[in-house]
Amino acid sequence: MSTIKETQEEIIDEFALFDDWMQRYEYMIELGKSLPLIEEKYKTEENIIKGCQSKVWVHADMEDGKVIFTADSDAIITKGIIAILIRVFSNQPPKAILDADTEFIDEIGLKEHLSPTRANGLVSMIKQLKMYALAYQTKVN
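Heads up: the sequence shown is residues 1 to 141, going by full-length UniProt numbering.
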């Protein structure tokens, strides 16, 4: 299993392969199709990320000391964004998630190519994933 940093580096390298943002958006849409989907029973109001323009549901479980995330969204770009975040943070120990920086998002230029409301949603998604990690970290200690 890769570390968070290794996964972030992979994503930076993948995004560098594309010449323009239309290609990157298409790639994000493809990533969204491979998202580990949340079970229908978890598509509840309490699992919706507040602050997102689109509906984004995230669920977390703890398995063998690692946080496993599943998610879904009703918008294809947003689904791609959460897929990138889940690829980075899922299957990692809570402490690693809490300690991780998210500079890779700036390195791939994602935030600057999103509308202000989507950029706010991105921040809300990261916050929510870290809140889950904090909750599991608290349970472990």
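Hint data in this document are derived by calculation from the structure and do not stem from the laboratory. Here the structure is a predicted model, which means the values were calculated and not measured. We treat Cβ as the ideally placed atom computed from N, Cα and C, and that holds for glycine. Check each hint, because a few of them may be wrong.
Unchecked claim - In silico DSS-like links for lysine-lysine, alpha-carbon gap of 25 Å or less:
# : residue 1 : residue 2
1 : Lys5      : Lys43
2 : Lys127    : Lys95
3 : Lys55     : Lys130
Stated by the list, open to error - So the derived label-pair ranges between C-beta atoms look like this:
#  : residue 1 : residue 2 : range
4  : Thr117    : Glu45     : 28 to 34 Å
5  : Glu30     : Lys55     : 17 to 23 Å
6  : Ile77     : Asp19     : 14 to 20 Å
7  : Glu45     : Lys5      : 19 to 25 Å
8  : Lys43     : Glu63     : 33 to 39 Å
9  : Ser2      : Glu39     : 22 to 28 Å
10 : Lys139    : Glu30     : 30 to 36 Å
11 : Gly65     : Met22     : 38 to 44 Å
12 : Ser2      : Thr117    : 39 to 45 Å
13 : Ala135    : Leu17     : 32 to 38 Å
14 : Asp61     : Glu107    : 26 to 32 Å
15 : Asp19     : Gly65     : 36 to 42 Å
16 : Leu134    : Ile48     : 34 to 40 Å
17 : Asp64     : Asp20     : 37 to 43 Å
Checked hints:
no.: 1; hint: Lys5 x Lys43; in the structure: 30 Å, violated
no.: 2; hint: Lys127 x Lys95; in the structure: 14 Å, holds
no.: 3; hint: Lys55 x Lys130; in the structure: 19 Å, holds
no.: 4; hint: Thr117 x Glu45: 28 to 34 Å; in the structure: 20 Å, violated
no.: 5; hint: Glu30 x Lys55: 17 to 23 Å; in the structure: 21 Å, holds
no.: 6; hint: Ile77 x Asp19: 14 to 20 Å; in the structure: 19 Å, holds
no.: 7; hint: Glu45 x Lys5: 19 to 25 Å; in the structure: 34 Å, violated
no.: 8; hint: Lys43 x Glu63: 33 to 39 Å; in the structure: 21 Å, violated
no.: 9; hint: Ser2 x Glu39: 22 to 28 Å; in the structure: 25 Å, holds
no.: 10; hint: Lys139 x Glu30: 30 to 36 Å; in the structure: 35 Å, holds
no.: 11; hint: Gly65 x Met22: 38 to 44 Å; in the structure: 40 Å, holds
no.: 12; hint: Ser2 x Thr117: 39 to 45 Å; in the structure: 31 Å, violated
no.: 13; hint: Ala135 x Leu17: 32 to 38 Å; in the structure: 36 Å, holds
no.: 14; hint: Asp61 x Glu107: 26 to 32 Å; in the structure: 29 Å, holds
no.: 15; hint: Asp19 x Gly65: 36 to 42 Å; in the structure: 41 Å, holds
no.: 16; hint: Leu134 x Ile48: 34 to 40 Å; in the structure: 19 Å, violated
no.: 17; hint: Asp64 x Asp20: 37 to 43 Å; in the structure: 41 Å, holds
Violated hints for the displayed structure, listed by number in ascending order: 1, 4, 7, 8, 12 and 16.
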